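**Student:** Construct the complete structure from the given sequences, taking the supplied hints into account.
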Amino acid sequence: MMYHMSGPDKEFYTAQNLADKLGVNIMTIYRYIKAGRLKAYKIGKEFRIEKKEFQRFLDSTKTK
Numbered sequence: 000m001m002y003h004m005s006g007p008d009k010e011f012y013t014a015q016n017l018a019d020k021l022g023v024n025i026m027t028i029y030r031y032i033k034a035g036r037l038k039a040y041k042i043g044k045e046f047r048i049e050k051k052e053f054q055r056f057l058d059s060t061k062t063k
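Each residue of the sequence shown is one higher than the one before, counting from 0 in numbering that gives the first Met the number 0.
Among the clues, some could well be false.
Okay, the calculated beta carbon distance ranges per label pair [what the hints assert, rightly or not]: (1) Tyr29 to Ser59: 27 to 35 Å; (2) Thr62 to Ile42: 28 to 36 Å; (3) Lys50 to Val23: 13 to 21 Å; (4) Asp19 to Tyr40: 29 to 37 Å; (5) Tyr29 to Gln54: 17 to 25 Å; (6) Glu10 to Lys44: 15 to 23 Å; (7) Lys41 to Thr62: 25 to 33 Å; (8) Met26 to Leu57: 29 to 37 Å.
With a straight-line cut-off of 30 Å between C-alpha atoms, the simulated DSSO-like cross-links for lysine-lysine are [as the list claims (entries may be wrong)]: (9) Lys20 to Lys44; (10) Lys38 to Lys50; (11) Lys61 to Lys38.
Calculated directly from the structure, the hints in this document are not laboratory data.
All of these numbers come straight from a predicted model, not from anything done at the bench.
Note that CB positions come from ideal geometry on N, CA and C, so glycine has one too.
**Tutor:** Printed below as a string of C-alpha cells:
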C-alpha cells in the first residue's frame, strides 16, 4: 500500500511494503535506514520512505 501526503509528488511506502517488494526481511530495510542507504521518516512507530527515495535507492544499487 502506498500513502499520499500533500499531493501526488509525496507518495510513501512503509518499511514492510519495501521488504515485500524486494523480497527481503523487514530488518534488512531497517538496516538500510540505519546505515543511511535509505532515507526514511519515522511517523509514530513506523518508517515511511518516499517513492522517489526508493527509486534513488534502486538506481544506486544497480550493477553497472
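**Student:** Could one say that the CB atoms of Asp19 and Tyr40 fall in the range 29 to 37 Å?
**Tutor:** This hint is violated: roughly 19 Å between Cβ atoms.
**Student:** Per the hint of 29 to 37 Å, is the separation of the Cβ atoms of Met26 and Leu57 within bounds?
**Tutor:** Given a distance of about 19 Å, which is not inside 29 to 37 Å, the answer is violated.
**Student:** Cβ-Cβ distance between Glu10 and Lys44: within 15 to 23 Å?
**Tutor:** Hint holds: Cβ distance 21 Å, inside 15 to 23 Å.
**Student:** Hint check: Lys38 vs Lys50, CA-CA at most 30 Å. Holds or violated?
**Tutor:** holds (11 Å)
**Student:** With respect to the beta-carbon atoms only, verify the hint that Tyr29 and Ser59 lie 27 to 35 Å apart.
**Tutor:** violated (18 Å)
**Student:** Taking 25 to 33 Å as the stated bounds, is the beta-carbon spacing between Lys41 and Thr62 within them?
**Tutor:** holds (31 Å)
**Student:** Given a hinted range of 17 to 25 Å, is it respected by the beta-carbon distance of Tyr29 and Gln54?
**Tutor:** Since the Cβ atoms of Tyr29 and Gln54 sit about 20 Å apart, the hinted range of 17 to 25 Å holds.
**Student:** For the pair supplied as a hint, Lys61 and Lys38, is the alpha-carbon distance within the 30 Å limit?
**Tutor:** holds (18 Å)
**Student:** Take the C-alpha atoms of Lys20 and Lys44, compute the straight-line distance between them, and say whether it is at most 30 Å.
**Tutor:** holds (21 Å)
**Student:** Has the hinted range 28 to 36 Å been met by the Cβ atoms of Thr62 and Ile42?
**Tutor:** holds (33 Å)
**Student:** Could you say whether the range 13 to 21 Å given as a hint is met by the Cβ separation of Lys50 and Val23?
**Tutor:** Roughly 18 Å apart at Cβ, these two residues keep to the hinted range, so it holds.
Checked against the numbered hints given earlier, the structure breaks hints 1, 4, 8 and satisfies all the rest.
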